[in-house]
Amino acid sequence: MKKINRRAFSVLLLALLVIAGMVLYVMRYVDHGKDWALAFSRANSGSTGELLDRNGVVLASFSATRNDYNPDPEIRIANYHVTGDYWGRTGTGILSTYWNDLQGFSLLTGTTEAVDKSFSLNVDAELDRAAYRALAGRKGAVLICDYTNGELLCMVSTPAIDPADPEAVPEDGAYINRCLSAAFVPGSVFKLITTAAAIETIPGIENRQFYCEGVTEIAGVEIKCTGDHYSQTFEQALANSCNVAFAKISTLVGQDAMIRYTRDYGFLDGHSLDGIPTAAGSFPLEFVGDPELGWAGIGQSTDLVCPYSLLRYVSAIANDGVLCEPKLIRDGELSLRYRMIEKRTAELLGQMMSYNVAYHYRDTVDFGGLDLCAKTGTAELGDGTSHAWFTGYLQDEAHPYAFVVFIEQGGGGLSAAGAAANEILQFAVNR
Amino acid sequence: MASFSDMMNITSKFGLIVLSLLILLRCLRSMLRERYEPEIWAYIRAGKERLPVSHWENILGRGRGADVRVLGPRVGRVHAVLTRNDHGQWTIYDVFSRGGVWVDDDRVPPSGLPVYDGARIILGETLIRFQELGPEKREKLEKKRTSAGRRVSPALTLLDLTAFQLFLLLQHALSAAPEHLPRIALGFLSLVVLEWTCFNLMRVIGRSGFEVETLAFYLSSLGMSVAASSTPEDMLKQVLLTVAAVLLFLLTGWWLRSLKRSAGMRIPIGVAALGLLAVNVAFSDAVLGARNWLSFGGYSFQPSELVKAAYVYVGAATLDHLYRKRNLFGFIVFSAVCVIALALIGDFGTALIFFVTFLVISFLRSGSIATVFLAVTGAGLAGFLAVSARPYIAQRFATWGHAWEDIYDAGYQQTRAMSAAAAGGLVGKGAGAGWLKEVFAANTDMVFAMVCEEQGLIVGLCMVGALLVLAFFAVRSARNSRSAFHAIAACATMSMLLTQLALNVFGSLDLLPFTGVTFPFVSRGGSSLLACWSMMAYLKGADNRRDASFAVQPGERVKDAPAPEPEEVEE
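Note that the protein sequences, when read in sequence, are chains B and V.
The first sequence stops at residue 431 when you use my numbering, and every number in between is there.
The second sequence stops at residue 571 when you use my numbering, and every number in between is there.
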């Protein structure tokens, strides 16, 4: 019997393994319990909370038993890409990205803890509505931020869905946030980068004259312009958005420098808008000849720009070259700041963008009382259609807004995007 | 201000935790802190020494492992086995000793010779005398032993358990649909009635050890709660099954009272188990890959669950049997047939449980690590073949540790289980208030997570703890059990249940591959409940504290027992 009793300790070995396993589980539970608990708890968490815009408008509210949105359908649709939905159909909305933070969890009570977690955003829901209306059913993206503190005031992407009453078959691309998650052919808005690169790499560029007779040849390849600009200054060339001049300028800057500036200004990388990843852009990185570099310098070739990257760039120009990293969430924390562009370059760019509006754009669009600095873009897609871009900022201490308006296959940059931008900005400053 | 139901909810949550801990600690204290003095049945006089004989099966020899250590010329390490039967008759066997064994000048053959009070026994060249204890003397010695339940009152522990069950019922009352409430109440109240009936029955027959029953009822209460949350319409069935399971427990315990009966029925029971498996292999319904269900007349059951109890029974053996037949051949063949049958059925989880139990039993029986290694190697090869032959097993291994990478397919159940378990926190959401119950197999394969979600991690750990306490108890009891049969059965039972627990809990938490076996007592399933309860009788059979277990025949009976055979031989 004694022998068997000694061997009986093999059972304790099993018991020890069970204990070790339980200890391992408890350790993992302490580490990951929150992530685990909230992974599937959309329908059953005990927390209550609200998602509010900068003025306290409720975009979404939830409790253990109900998940609601704003009662106004237009507000819901206009703000869809900010809010997201409870089912995570769009990955970039706050409800998807910040669900874990919106929910209460403690190791003691699990998700039963009924905490009230309100989340405030910098976005102005009514401004989003205005932007949504200005896009008028076209596919596009509108971004506005305060360049002095980074607060993101407006983020609208169309098409969108009504999260409270989603259609069975939503419009193609309705779940893609065009502001953050996609990059498009930039067209002439890219000339803002070429301009900055030229200012810093070509001495005396400001005083040079450029001649355009509607077409030019670079190494035997024809580059067409939008018109005959004849003799023009650097400033006038940007205002005319002269392809002939800027193709030439980009070859003068050279591919390496163009790549460097595109990268330094943040166009080649994805960024993070309060934890929401944004799309990277592109520029020819492998060696291409001068003709192709000419095309790339005027925003064609293989160039792609994410609207969000463009917003960061124009914000930095507006703020004397210092970027206040945009913030979607109103949590009282200051936005990160860093110098993206040399001060002198930013000032010159600003002057040129101001000149663009005064010299050229006001003939087509009545910008009312807006003190505007801007650049248009009409990106040829090769099928006869073009993306319409309009980006810039207001020189207005009360309304220090930088903006990007993008309309997919929207036609002319100024006539389509510029007009929409005017409508939205008028609403923003008269609010 | 918190509403009345909120107050009840919070009170019951903390009540359940406190009571769980209390029940567990009281059982643990009672089992581990109480003194387990050995019974003394006889003495061996070797020279001037008087050596107590404290089991019904004893090894005589000079080795450290001998129960009665006789040091003298030509005494082997393991020289002889001295056994006592149910009627108090003693027999000595020569277990292949070099020196031989003589009783009153008769050479003892391997088939043994009876030994009486005062007999002269020669081991090799050493003379010892056998001195039996008369009933009066034995009774005197017996009274000196501590009786079970003296330090920790079993009635009080049971009262805690009753409160635990009422708190569970209260929580269900707060969350259940009104039409289910009467049935849920019936479930918990029937448990209360059942456990107190059982307790009073033991009182009446003068038995005071009730820890095993208390822990089994504790686990069954959690099982009842799981049933009430997930399948409230089937409560009546659960009640009937629990009653049947407890009856089976009592029946098995009564059966174990006679060692001759128990040990003698091993082969018929083994044959019956194989028959059951054969029927299973031949006529079974495939439910999700495993064809481990038999159904007739609207009822379905899992033969493999019942075979578990039979397997432990067949694996146990008396000491003389072990030393006279020094090999495991028969048992290995029996085990192999069982495991192959289970593999054919596709129930690989249960096959694994059988295999681990086989390892423990064969180690208990032979003490041979080599045998265990050989078996593990063999099983490793078999397992490799199984994995390559059955793609879904390979897939479970591939998912193991990566459940979160595939939450909609291979990791579906594990991630749901982990999420729900974590969502319960330490105190839980309350009975019936979870969401895991909606997920398929929540009340069987993921039952640990379901309990954690509804009652919290602490109760979940207590649920595991209850089986650990039972395992410690089995090891502790085995030390003083009368026969190796009881010791092996108790230890094998607990290794089987611990393995099952580990596969169930760790499988659902992605710490082991997901095998889909049941958690003892708690998982939904009638066959499993019946098997678990009947195996608890093996633990009772090994519990030799004074007046503790109904499955152990009291020593006092000896004086009434007829002893006809010895007289015949003497004349």
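It is worth saying that the hints were derived from the structure and are not from the lab.
Glycine included, C-beta positions come from ideal geometry on N, C-alpha and C.
Check each hint, because a few of them may be wrong.
Restraint ranges, calculated between C-beta atoms of paired labels, are given here [stated by the list, open to error]: (1) V:Tyr408 to B:Val215: 29 to 35 Å; (2) V:Val204 to B:Leu13: 46 to 52 Å; (3) B:Asp31 to V:Tyr412: 19 to 25 Å; (4) B:Asn149 to V:Phe14: 44 to 50 Å; (5) B:Arg66 to V:Val204: 52 to 58 Å; (6) B:Trp87 to V:Gly378: 46 to 52 Å.
Heads up, simulated DSS-like pairs for lysine-lysine below, C-alpha to C-alpha not over 25 Å straight-line [as the list claims (entries may be wrong)]: (7) B:Lys3 to V:Lys325; (8) V:Lys260 to V:Lys325; (9) V:Lys325 to B:Lys2; (10) V:Lys237 to V:Lys48; (11) V:Lys437 to B:Lys2; (12) B:Lys34 to V:Lys237; (13) B:Lys2 to V:Lys260; (14) B:Lys139 to B:Lys34; (15) V:Lys237 to B:Lys3; (16) B:Lys2 to V:Lys144; (17) V:Lys137 to V:Lys48.
Can you list which hints this structure breaks, lowest number first? Checked against the structure, the hints that fail are numbers 1, 2, 10, 11, 12, 14, 15, while the rest are satisfied.
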